[in-house]
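Asker: If you count by the numbering used here, then the first sequence holds residues 1 to 286, one letter each, in order.
To be clear, the hints were calculated from the coordinates, so they are not data collected in a lab.
In this text, all values refer to a predicted model and were calculated from it rather than measured experimentally.
Misleading hints may appear alongside valid ones.
[Said to hold, decoys possible] Lysine-lysine pairs mimicking DSS-like chemistry, simulated, CA-CA at most 30 angstroms apart:
hint, residue 1, residue 2
1, Lys-32, Lys-47
2, Lys-45, Lys-138
3, Lys-45, Lys-32
4, Lys-101, Lys-177
5, Lys-177, Lys-45
[As the list claims (entries may be wrong)] The following label-pair restraints were derived from C-beta to C-beta distances:
hint, residue 1, residue 2, range
6, Ser-259, Lys-47, 50 to 58 angstroms
7, Lys-158, Arg-285, 15 to 23 angstroms
8, Ser-276, Ile-200, 17 to 25 angstroms
From the three backbone atoms N, C-alpha and C, an ideal C-beta is built for every residue, glycine too.
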Amino acid sequence: MPELPEVEHVVRALRHTITGRTIVAGEVRLPKLIAPLSAAAFHRKVKGSTIKGVSRRGKFILIECHRGRNTESNRSDFILAVHLRMTGKFLYLYPDDDIPKHSHAIFYLDNDRRLVFRDQRQFGVMKLIAGGQLTRTKGIKELAPEPFGEDFNPEYLKSVVHRSRRSLKTLLLDQTKVLGLGNIYASEALFRARINPFKIAGELSPARIIRLHQSILAVLRDAITDSSTSRIDLEQEDGFSYGEAFERFWQVYEREGESCVNCGSKIRRATHGGRSTYWCPKCQRR
DNA sequence: ACCCTCACCTGCACGC
DNA sequence: TGCGTGCAGGTGAGGG
């Protein structure tokens, strides 16, 4: 379920929790999670490595590790890149806690705690990336610029939008074009920009592209800020709950039939490319 | 290069 | 109570 704001919160929680810890052992129970690497090879690589830090690229969580004493040497450094997809979660278990169902990877840490990757739907993915290879890794190298970076500017968005004949809603979900939105925040960003989700991207006026750019940033930033009131707790059964702090902020998503906060019209829902899209028919006319 | 459809999974809410 | 259906916030492979 997580989109960029939720991933950002998981990254902060992990950074705070596991930076500096050494991985004593790594166990993989669902081989496809790390395929084509074998569980044995995975264990050999992570065993004895120390976690330097935790960062993010798009919706990928990057756990930066190094091995051996010489931290200056890049040679044996690697990144564990984790994508939560729909239901992936991290848990930080106490020694006596049971390992819950759907736990597909377990990292035994040097403080006797275990970091568990749990994923009910098994869509999540882990990649072991050798030092310096991040920008050459398939699935990561294709990603659009970070939304909060300099390269994601109105000019960039204009170039992407003008080249596309897809609907804006579909375009916003394409991580190689616009990074960080998912099905919820794509609807929310279009609502804030007052743009109809079915509008063809290439037909968007320059003024509206600027508005869309601002709305994308505002939605992501607000979601990160608002939800910080609900701290992501890696010790909860679910690792973290998206909870009310995230939902409270939705203005159209999952609000079919409710009144638009701007004009009072009934929010509509339609299935578009197999996924739900929500919009206000009056504020977001075609 | 672009874009569409389907596939990957489990669990939950719903109607009968 | 059970069973079938549709739905869920993400992406990638494969094809046109």
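Asker: Determine for every hint whether it applies to the structure shown.
Answerer: Now the hints, each set against the structure:
Restraint check for Lys-32 and Lys-47: the C-alpha separation of about 20 angstroms stays at or below 30 angstroms, so the hint holds. Taken as a hint, the Lys-45 and Lys-138 pair is honoured in the structure, with Cα atoms around 20 angstroms apart against an allowance of 30 angstroms. Our distance criterion of 30 angstroms between C-alpha atoms is met by Lys-45 and Lys-32, whose separation comes to about 17 angstroms. Distance check on the hinted pair: Lys-101 and Lys-177 sit about 36 angstroms apart at the alpha-carbon level, beyond 30 angstroms; violated.
For the hint pairing Lys-177 with Lys-45, the CA-to-CA distance comes to about 33 angstroms; that exceeds 30 angstroms, so the pair is violated. For the pair Ser-259 and Lys-47, the beta carbons lie near 56 angstroms from each other, so the given range of 50 to 58 angstroms is met. Look at Lys-158 against Arg-285: about 22 angstroms separates their beta carbons, and that is inside 15 to 23 angstroms. Between Ser-276 and Ile-200, the C-beta spacing of about 20 angstroms keeps the proposed range 17 to 25 angstroms intact.
Consistency with the previously given hints fails for numbers 4, 5, ordered from lowest to highest.
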